[in-house]
Amino acid sequence: MTSVLTTQVAARPDEPSRPARRRPVRSPRLRAQRTLLTVTVVAIVVMQVYPLVWLLLTSFRTAADFAGGNPFALPSSFTLENYGRAFSTGNLWLNIANSFIVTAGASVLIVVAGMMAAYALQVLGFRFSGLVRGLFLMGIVVPVQISLVPLFIDYSRIGLLDTHLSMIIPLAAFALPMAVYLFSSFYEYIPRETYEAASLDGAGPYRIFSQITLRLSVNTIITVVLVNSIFIWNDFIFANTFVLSDGLKTIPLGLQNYIGAMGNTDWTATFAAVCVTVTPLMLVFLVLNKAMIQGLESGAVKG
Amino acid sequence: MTDTTTARAGAARPRPPRRRTKQLSTSMLPRRSRLSVLVFLVPPLLLYGFAVLLPIGQSLVLSLYKWDGISTMRFVGLDNYVKMLTRDDVFWTAFSNAIGYLVICLVLQLGGALLVAGLLTALPRARELVKTLYLLPAVISTVAIALLFQRIYSLEPLGLLNQLLGWVGLEHLQTAWLSNVSTVLAAVSIPEGWRFTGLYMLIVYAALIAVPHELEEAARLDGASWWQTFWRIRFRYIRPVWITTTVMATTYALRGFDIPYLLTNGGPGQASELLTTYMYKTAFVHTDYGYASAISVFIVVECLVAVGLIFLLLRRGDDK
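Protein chains in written order, with my numbering: chain A, 21 to 323; chain B, 108 to 427.
Here chain B stands alone, though its shape is the one from the complex (with noise of 0.2 Å):
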């Protein structure tokens, strides 16, 4: 939903005048005290240090420590994090599960966004209709979803994917899609993709409807086709928009967790074990807060990586 700002930070950063001098001269009322900043500013302030600042930090203490939460914390320094990253196997296998996890949502997202919105802007009728239909999935619960494709993957009784396999003739194919190593990572991912790729679509049309029509236009008299229109000129034209989407479907899908944790537990063994399945049964079944810490502040790290990643990929692109 969120991460918007970071990217419109930056896009506006070409027309700062107004902006800068706005920031300097502070207030917009000629009149206001100190205490009235501060009877504004500290209640937000607190709920938000309380339940997201707060945490940050208890977090990063925790993790140089061992605890059960019930014995007395013992200080390890870096051990967690050693561990983490030399000694264990399951974390890196969530590593890696996470990073598929993370493609195929961002596929599915990402690229079914842009192709819906791009068959949309083109849709003589009933734009509004199939926009809301294609947003339906995201009213719905991770609950209900993970319930909702538990059957459609089933094998026995025979499940609407089994099924549809059979009558195309693919029956070889058929197969148990949440138990069978092979298939589970993906079973578990294309829920979350089928999910948001709605929200992702409206907001890549809302942008694709803002570009100029004089400039593809122009650009079609200059006989670009419609293939050359669409990437050069639309495309590039909601780039700030689509750097913006990017980095909401990476970091929705790096901190996913609500359906491999329903559907599959991260099972079978590690198959489907994304890092955030993986921190939370560390926490809160084998109560190993410090260690839960530290892959939390690795989910963390990953995230403002993966921004960073985003925005000097998507970014340089923009430059030249």
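Extracted from the complex, chain A is given alone in its bound form (with noise of 0.2 Å):
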């Protein structure tokens, strides 16, 4: 990335080829350019994570101090009360148990069911494999809306309105079309010989699945389960329409309910609920961010 950065800079027009170490800034105008580049940036950034910030320093705010005092200003003493209010009105253990087993079951499911359909589309191979995939394709703009009655009359049929499974199952399954692309753009690059080869020593479809393909796919499983995670842990639609019963309420549900239960909202610990539930997903995000943010680009960018 610095690489790409230097030889940026050298080609600027009024620095002609000047070795990309050494780069003084040496005209005014430039570094003018560069300041006023580097405040805007900064600015920008302010303003895109400042709410966030916000959100947090309010969780450590008094009842009173919220209520009365200017928005913007640091909170006049920092408490804890309000996670301990958050904790005791809400459910929030519970909420995050269950949100970690949507997330955990959908997860499985897309990693499962899409090197599987990647497999048999692009490894094995048959006759109709450009219709199975065009019909996969066809998922990714299949707004989630239409699944919502349907659905909901049929898990009520066959009894499985308010499970986990009510809400696993079509989180999974819209996410199924962009898990097989990604499995199978990354399997069209695994080259045929590898195949051949253990072919020669007697391995069949399913050993040469689970010995070969799944042992290459980790770095795919990996882009596919962050990505998918973060639109799982935040589902809301699905958990709304399906879920009824207080025991199975995910994150959002959880967070959702906390203004209704107490009418007049104590927003202090609304928000320290808030804090509390982002923190699972924060974490993994930013102890995991590189291999977040390139599987976010290479979804849209690879090949």
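Because the hints were derived from the structure by calculation, they are not lab data. Be careful, since some hints might not be right.
Label pairs and their calculated CB-CB ranges [to be verified]:
#1 B/G156 x A/T183: 17 to 27 Å
#2 A/R177 x B/L167: 15 to 25 Å
#3 A/T214 x B/R181: 22 to 32 Å
#4 B/V149 x A/L180: 12 to 22 Å
#5 B/E321 x A/P48: 21 to 31 Å
#6 A/G89 x B/D329: 55 to 65 Å
Here are some of the chain B residues that sit facing chain A, going by a computed Cβ distance under 10 Å [claimed, not checked]:
#7 L136
#8 L145
#9 P150
#10 P151
#11 G176
#12 S178
#13 T179
#14 G219
#15 A233
#16 V237
#17 L242
#18 A253
#19 I259
#20 I402
#21 E409
#22 C410
We put the CB at the ideal spot given by N, CA and C, even for glycine.
Both chains are given apart, each in its own frame, so use the hints to dock them into the complex.
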């Protein structure tokens, strides 16, 4: 990335072909430009991130401070009481556990089903594979709303309403097209010789899947899981439609309930609850952000 | 997140020979049975069929009926569609609101993405940090975002936005953004734009830094200005990715639901009602499953038409 940058700078017309390593900013115009650029970027980033910082700060404010004070001011005193109230009023641990179950279940389903379909389409191949591929790809632009009413009816017929599965199934199914696409575009690059060698050793399609394809897919699996986790963890519409009982509520529903349950909303406690529920995903994101960013970028650009 | 494929399939057309031969000689394995194909293909297809394909068919059928979920279904033919297109003012309000929502989201997401990605390629350092911070809102759930923006827009007590207006001397603009009919649509669109602009910025950025420098250099040597280089070289080069991004942002905005539903539930009146929220209420508040299905079929058609239009417009530009 830095090399990219230096070549760019070196390519400026007013600074012709200068060795990349030592590039003192000499012309005042260039320096002014760069300062302006930095200031702009910083301003944009501050605007983008400030609401989240404010949310965090508010979760440490006292209720009186929040009600009366200037919203931009720093909290007059830091308090953890909001977090205490957040845990005592809501069902945060249960919501977090439910979100974990749904995210894990749907991720496993997406990965397994996505790999299998991509393997059948790309590696095994069959006569109507083009048609099936098209069927999957179409799913990428289908809005989830189309499935709400039919699934609600189907679920109530087969008794699946108000279960973890009722959320896991559509979340996985609507994420499947993208996963199939990512896995197949990766399988496309596994050379045919790899399979031929294994075949000569007597491996059939099942062994080749579990011993070669699966093992080579690790990076793509990580990409698929990371990217989808964001959307599944935060899913609101399926949970809101198919889940009724408190015991199954995921984080988004739990947070929403918060407000209704307390009538006159306890904002500082609500923001504390938001901060608690954002933490798991935020930690994963910050720790793995390189992998996640690469995954998001590759999803659209690779190839 | 998704829609890359469609654009890629189109973008990949110019390099066909290898791909085509590969698809003709179906298998990469020397030995495979028909059974093994079924073993791998059927489970994913069942999942996909049950939750995506079957519901599409069911919606099409249901949209021809009048049904409240309890009494017997009554076949009404195309009446739901006729009602929707000719007799229902709320539907058209929701439709034009959805277009407004789409436009605001596209400007914020794509415009913002291109601007920030362009700036970022010129930034000397800390690019990774900027990328991470800029993407941060995408990690937050829509419910949390709705709660947050409820406070940002609030008038009593003074929320962030109104306070800011007060400081710069624009007190007369202070308003309760979410209950003012003329501001509410923008107010519910902006959080959605804000949330995902980082995602599109990443994609556009990755495409921009992949533009070969020889191209830019050549253009510069020919005396092209920075602006010309940007539009004529870099933007032209990333067009396939730009189409992808536009398709993603458009279909996502057309199915946008959470934030308007949570912030205003379509109100006040129908001022922020989108097709999605209208469909949801029709289905699960008024339990008019037939009519709701007709609206959801319309949403799908709308998405497909939008994707078709994007390809038509952006790809035609390509041929020139």
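Consistency of the hints with the structure:
no.	hint	verdict
1	B/G156 x A/T183: 17 to 27 Å	holds (20 Å)
2	A/R177 x B/L167: 15 to 25 Å	holds (19 Å)
3	A/T214 x B/R181: 22 to 32 Å	violated (59 Å)
4	B/V149 x A/L180: 12 to 22 Å	holds (20 Å)
5	B/E321 x A/P48: 21 to 31 Å	holds (30 Å)
6	A/G89 x B/D329: 55 to 65 Å	holds (58 Å)
7	L136	holds (5 Å)
8	L145	holds (8 Å)
9	P150	holds (6 Å)
10	P151	holds (4 Å)
11	G176	holds (7 Å)
12	S178	violated (14 Å)
13	T179	violated (14 Å)
14	G219	holds (8 Å)
15	A233	holds (9 Å)
16	V237	holds (6 Å)
17	L242	holds (7 Å)
18	A253	holds (8 Å)
19	I259	holds (6 Å)
20	I402	holds (9 Å)
21	E409	holds (9 Å)
22	C410	holds (5 Å)
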